[in-house]
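**Student:** Assemble chains B and C onto chain A, guided by the hints.
Protein chains in written order, with this note's numbering: chain A, 207 to 460; chain B, 1223 to 1525; chain C, 163 to 448.
A couple of the hints might just be wrong.
[What the hints assert, rightly or not] Listed next, the stretches of chain A that the computed footprint assigns to chain C, with coverage defined by at least 3 CB atoms under 8 Å from CB atoms of chain C:
| id | stretch |
| --- | --- |
| 1 | 267-281 |
| 2 | 296-308 |
| 3 | 315-326 |
[What the hints assert, rightly or not] Some residues of chain C that are not near chain A, with every Cβ distance over 10 Å (derived):
| id | residue |
| --- | --- |
| 4 | 164 |
| 5 | 217 |
| 6 | 278 |
| 7 | 298 |
| 8 | 384 |
| 9 | 400 |
| 10 | 402 |
| 11 | 406 |
| 12 | 417 |
[Claimed, not checked] Here are the simulated PhoX-like pairs of lysine-lysine, each with C-alpha atoms no more than 20 Å apart in a straight line:
| id | chain 1 | residue 1 | chain 2 | residue 2 |
| --- | --- | --- | --- | --- |
| 13 | C | 429 | B | 1322 |
| 14 | A | 339 | A | 404 |
| 15 | B | 1322 | C | 316 |
| 16 | C | 316 | C | 331 |
| 17 | A | 320 | C | 305 |
| 18 | A | 341 | C | 305 |
| 19 | A | 339 | C | 305 |
| 20 | A | 278 | C | 331 |
| 21 | C | 331 | A | 320 |
| 22 | A | 278 | C | 316 |
For the record, the hints were derived by calculation from the structure and aren't laboratory data.
Backbone N, C-alpha and C define an ideal beta-carbon position, used for all residues, glycine too.
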Amino acid sequence: MMKILETKKVSKSFNGFRALQDVDLSLEAGDIHAIIGPNGAGKTTFFNLISGVYPATTGAVHFLQKDITRLKPYQISIMGMARTFQNICLFPGMTVLENVMVGRHAYNESSIFKIFLRLPFRKLGGEQRILEKAKEILDFVGLYTQRDQMASGLPYGDQRRLEIARALATEPKLLLLDEPAAGMNTSETEGILELIGKIDKMGITILLIEHDMKLVMGIARTITVLNFGQKIAEGTPDEIQNNEKVIEAYLGSE
Amino acid sequence: MTPLFSVSNNDMMIFIQQILNGLMLGCTYALVALGYTLIFGLLRLIHMAHGEVLMIGAYVALTIIAYLSGNLFIAMIGSMILTAALGITIYFASIRQVEKGGHLSPLVSTIGVAIILQEIFTKLFTGEKIAFPETIVSKNITLGDISFNTVQIFIIVLSFATMFILYRVLKGTMIGKCIRAVSENTVTAQLLGVPVLWIIVVTFGIASVLAGIAGVLVGIAYHNVYPLMGIEIGLKGLAIIIIGGMGNARGAMFSGLLVGLMEIFSVAYISSSYKDAFTFGLMVVILIWKPGGLFGTVAEKRT
Amino acid sequence: MIDPYIESVLIFVGINAILAYSFFIPMKTNQISGGQGAFMAIGAYFSAAMTVNFHIPFPVALVASGLIAGLVGVLVGFPALRIRGLYLVIMTLGFAEVVRVFFLTSDYFGAAYGFSGIQELTNLSNVYVVLAVSIFFLYRLEKSYLGRAFEAIKENDLAGETLGINVTKIKVIGFGLGAASAGLGGALYAHYALFIDSNNFGFHRSIEMVIFAIFGGINSLWGPVIGAAILTVVPEVLRFIQEWRMIFYGMLIVLLMTFRPEGLIAKHTLQDISNLVRKTKRDENP
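Chain A on its own, in the form it takes in the complex (with noise of 0.2 Å):
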């Protein structure tokens, strides 16, 4: 098995205060690994990182075994890394279709000339293919019929799931999900759950960081534990489960 995400003793200091400290992860590529931890204890830092919204203070990441530690992030996005935030960025002036295509600019088989010098009646070659593109992938995360509202005047669960799927249209071999089902109810994290499972059933490889933990028992395959910065744990959702050091960072932050 291919490791599709690693990171090498990966350290991240904000004026001193080190947010991450010396994270080792190693990432199966097919895998749904779940990154849990308590409050502050570097999880989105971590994303932030892997997908080069910062660079790393210390250490290397590298991602279908090419160093990109320090690569910017449309560079990751491109190699075939995509994420979603923990507080929803969606753009929300454009439409729920257009914020889908957005997620295609990569797949554009234009150019600048090509933009302006095409004869008026001719349709600018691949708009057509990318529009296609973005409806399919709506119709595969149940958003199709909503697919000409505003992005901003979704439903909160809704929202997320646009997320994913613009997400989904930039055709990641790895998918980044910070908090997918927060602030969901039980019937919308159950369709989470599922879309997670299909999404997963494309053969793309799933890190995500959740709180909620019937979600991640019942996904994960493989959890990682930080807090504070470092990595306390890592194994099975049984092992983790049962793990003292897990226990007592829970209950200790509590």
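**Tutor:** Showing chains B and C alone in chain A's frame:
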């Protein structure tokens, strides 16, 4: 700008005179910048009509001295009262209603106000420069080899006194604490019972009074007033708050003085054409290298 | 033949529209530039030098000065990336002042005496050809993947970057295109005013461009041209209230910002109008 003192042969003498000139100019800049920075700190707004408040302050003083009594003190008070009222009116008439439009709309709206005010005063007083009556006897005092001028001293002393009083108010009084609280986090301040609207009114009042005083001082220093006098100083004020750090009062004061000195020195030792370039050039450099300004800007406000 | 006065107003409308677009374009990526006067100055002075000193034909000088201004815009665009919102407004304002001083002190460009002797090579057709091409360019852009990328960056540039959009490249392109537009406007202006000096391109001019665009509506392609048209024509039409026209102008701005901050033409205004027209027609012919 004509020096208000007699130039003596000694280079050191010239140097000291320039420092005094620089301080004098710098004081007016500092007062204007303080006004801008207080308003920015509070509302994250750039008040594009602030220079016009300064201009009106100068005209009010002029009117009082010329047509009512010849007393500078009364003129100052009158100017302070009227500019405070003006500043607060501008807030209610053109800023408060517009804030919901995002942060560009108040900016553009205050530009509209500036245009209106410039026009009104051009109508009232003609666009020509009107001589500011002499209220302080301009005398040269000699201390050893250096000669000071009473006008210079007056301006510098009055400015420093004003800034000192302001500093005490901001740091020491309840109002000052409230202003700082609202600047940092409006919602929290509200929850703690701070009457936010009153604080805004008071801040606009203070900022406008500072501009008014600066206007009178500019009139005294340059011996004239004209309706467009607010524009250039207004623009400089913006550059100064960037250099000092937007929302930072200490930064505004220090940078105002710094820029005043810098400009006078560049006029004296290089060429008068370049003085603006230095100020704005410094501003651009700061923005690229240390965007928070020399003293740091206010943190991102959660509103 | 058109009445020369009306022709002159129309030419200014055209030039002002091109200038309004120079603010509009960077604004599409959330870059608020308060110093487009600088690029206008570059376009004006360089094109004047080209036609007067080197007898370069006007169309070539026009395009070349647009390119030069655009290039400077790209250079400024890079450091501008680090600065956001209101800070960028002020930085660009400051940059414009620096450029103004440059032309004020440059003997080659006439320094304080200005640059005179420019031929009147601007006319109604070339202004409107440039304007039409610009609007067409922007129209095509909006409907393409690039247009979506611009908008995505405006709404949430971090999200955009994680979706594969090279935000740096696009923002710099936006800034450069805006600068080029201002340069074109400047060149057209120079060859109509026949005399230019650094004061023409200062703070007032930059702010004017901002107001034209915002008044018309920065979320719609037609906003800037309509804003420029109205704000250029209104002071002329109000010549009979000569005394009060600037006050009126100022009040117009304040009122619009209070009651309709999105500008005259909001994002869907034109769409709404055409829907309304269609609905009315349908009601009339059941």
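**Student:** Could you run down the list of hints and mark each one as holding or not?
**Tutor:** Now the hints, each set against the structure:
{"no.": "1", "hint": "267-281", "verdict": "holds (count 3)"}
{"no.": "2", "hint": "296-308", "verdict": "holds (count 8)"}
{"no.": "3", "hint": "315-326", "verdict": "holds (count 4)"}
{"no.": "4", "hint": "164", "verdict": "30 Å, holds"}
{"no.": "5", "hint": "217", "verdict": "31 Å, holds"}
{"no.": "6", "hint": "278", "verdict": "37 Å, holds"}
{"no.": "7", "hint": "298", "verdict": "8 Å, violated"}
{"no.": "8", "hint": "384", "verdict": "18 Å, holds"}
{"no.": "9", "hint": "400", "verdict": "36 Å, holds"}
{"no.": "10", "hint": "402", "verdict": "42 Å, holds"}
{"no.": "11", "hint": "406", "verdict": "38 Å, holds"}
{"no.": "12", "hint": "417", "verdict": "25 Å, holds"}
{"no.": "13", "hint": "429(C) <-> 1322(B)", "verdict": "17 Å, holds"}
{"no.": "14", "hint": "339(A) <-> 404(A)", "verdict": "17 Å, holds"}
{"no.": "15", "hint": "1322(B) <-> 316(C)", "verdict": "19 Å, holds"}
{"no.": "16", "hint": "316(C) <-> 331(C)", "verdict": "14 Å, holds"}
{"no.": "17", "hint": "320(A) <-> 305(C)", "verdict": "12 Å, holds"}
{"no.": "18", "hint": "341(A) <-> 305(C)", "verdict": "18 Å, holds"}
{"no.": "19", "hint": "339(A) <-> 305(C)", "verdict": "17 Å, holds"}
{"no.": "20", "hint": "278(A) <-> 331(C)", "verdict": "12 Å, holds"}
{"no.": "21", "hint": "331(C) <-> 320(A)", "verdict": "18 Å, holds"}
{"no.": "22", "hint": "278(A) <-> 316(C)", "verdict": "19 Å, holds"}
In this structure, the one hint that does not hold is number 7.
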